[in-house]
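J.: Listed here are the chains, written in short residue letters.
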Amino acid sequence: MRGDHLGVGIVSYGVYIPRYRIKVDEIARVWGEVEDVARSLNVYEKAVPDLDEDTATIAVEAARNAISRADLDPRRIGAIYTGSESHPYAVKPTGTIVGEAIGCSHSHTVADMEFACKAGTAAIQACLGLVRSGMIDLGLAIGADVSQGAPGDALEYTAAAGGAAYVVGSKDLIAEIEGTYSFTTDTPDFWRREGMPYPEHGGRFTGEPAYFKHVTSAAKGLMEILGRGPEDYDYAVFHQPNGKFPVRVAAKLGFKKEQIAPGLVVPLIGNTYSGSTLIGLAATLDQAKPGESIFVTSFGSGAGSDAFSIRVTERIDDIRDRAPSVRDYIAIAEYIDYARYAKHKGKLRL
Amino acid sequence: MIGTHCKSCGEYYFPPRTLCPNCRRTGQMEEHKFRGTGTVITYTTIYSATEDFERLTPYNLAIIQLDEGPKLTGQVVCSPENMKIGMRVRPVFRILGKEGERGIIYYGTKFAPAEDAP
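Chains S and L supply the protein sequences, listed in that same order.
My numbering puts the first residue of the first sequence at 2, with every later residue one more than the last.
My numbering puts the first residue of the second sequence at 645, with every later residue one more than the last.
These are computed hints drawn from the structure, not numbers from a lab.
Here are the simulated SDA-like cross-link-like pairs (lysine to any residue), alpha carbons at most 20 Å apart as the crow flies:
1. S:K344 to L:E743
2. S:K344 to L:S692
3. S:K344 to L:D696
4. S:K93 to S:S108
5. L:K754 to L:F658
6. S:K346 to L:I749
7. S:K93 to L:Y751
8. L:K742 to S:L52
9. S:K346 to L:Y751
10. S:K348 to L:E745
11. S:K346 to L:P702
12. S:K257 to S:E232
13. L:K754 to L:P724
14. L:K728 to L:T717
Could you put together the complete structure from these sequences and hints?
T.: Structural data, given as structure tokens:
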């Protein structure tokens with residue numbers, strides 16, 4: 002899939018990150034890990050949902066922040082696509098809960114998306130198509146997760162909770178999406194079978210043939226279409242399964258550390274899966290100036306990547322401070338120990 | 645949170661009423677969307693809950709007066725030691741309950757301390 006000179010883009014955005022955090026050192030202590038796991042992953046703490054939070058509540062809070070940031074009338078929304086790999090129901094959409102909670106009209110289409118960590122960016126692409134074709138006025142694309150990691154598994158150190166919502170439209174843009182490109186193969190690097198509580202993964206196989214191959218292929222594909230290089234962008238955001246992969250893939254593609262620094266939030270909140278790339282983009286929008294460019298590439302296991310080229314407009318300065326920033330959410334952290342974390346995540350069976 | 649407002653006497657109602665008890669036949673009711681901000685009038689902390697809420701203990705149940713006037717019972721999500729009569733609260737969207745592992749999940753409004761807002 003490819004598209005350029007789209008003339009559509011982001012009208013508003015909002016994020017939500019639960020207030021609870023567990024330190025990676027605390028998880029390592031419980032499992033007797035002698036290595037400095039936090040340092041080796043470059044992830045020091047991760048966000049944990051409250052007992053009464055799930056993907057739907059996170060999606061609603063993020064969507065409400067997106068609506069209030071631009072003071073939008075939710076009845077203008079014609080489509081809601083919610084990307085997650087931890088939808089509360091196996092059968093029954095998350096998006097209908099979001100639509101009702103934010104006060105949409107009933108004249109809109111809803112579908113939930115799933116593509117490991119990239120379902121949220123796939124939701125943005127779907128909205129871009131509907132807006133550009135004139136079928137809808139505004140589209141709401143959400144990436145949210147309360148991701149799962151089996152007790153003691155490597156994923157447990159990073160699997161976190163959070164989400165971001167983007168309103169896509171063609172007028173009053175805060176950022177134009179100049180182009181998008183996707184690269185997809187059938188690569189079983191990470192999966193969760195129907196009815197299973199925790200995902201499985203291919204260990205080291207999740208790196209080179211999965212994350213790096215797909216992110217670099219999508220990124221290079223988009224830059225080739227647009228005739229641009231890393232030096233043409235002020236910022237870059239790559240999917241953040243840990244704190245090492247995005248840094249390494251940025252260097253591999255020729256981006257500098259300063260370009261990815263504003264959006265690199267995984268060391269403090271963990272991997273929010275479908276929320277990961279989108280929260281990174283939000284953290285970048287939180288500080289980008291009009292006229293600056295952002296390069297974004299997500300990754301979803303299974304496997305695929307969606308790349309976007311984004312140019313920030315002058316309107317961003319008018320609405321940026323009307324909703325909480327990513328840093329605002331990061332700042333309100335309440336730390337819990339492993340026992341409380343296990344209770345919050347339903348790892349204790351009563 | 646949707647309630648009603650009587651345009652004749654100015655009173656707000658939650659849950660919504662179809663008839664204004666002040667104005668009766670002369671009442672003019674309209675739908676009203678509450679901001680969801682309010683003040684804790686009184687509260688209790690539940691340590692011994694019914695089966696569906698066991699996992700949530702300890703949790704706080706409060707009578708909250710919304711800024712528009714109506715009082716309602718709601719859960720305030722914070723640790724019991726942070727609860728105070730007169731504290732300001734804001735709305736949060738949460739799971740209200742689940743019909744076991746196989747049934748419907750109920751969602752709706754709970755409250756959180758206003759000072760915790762990001």
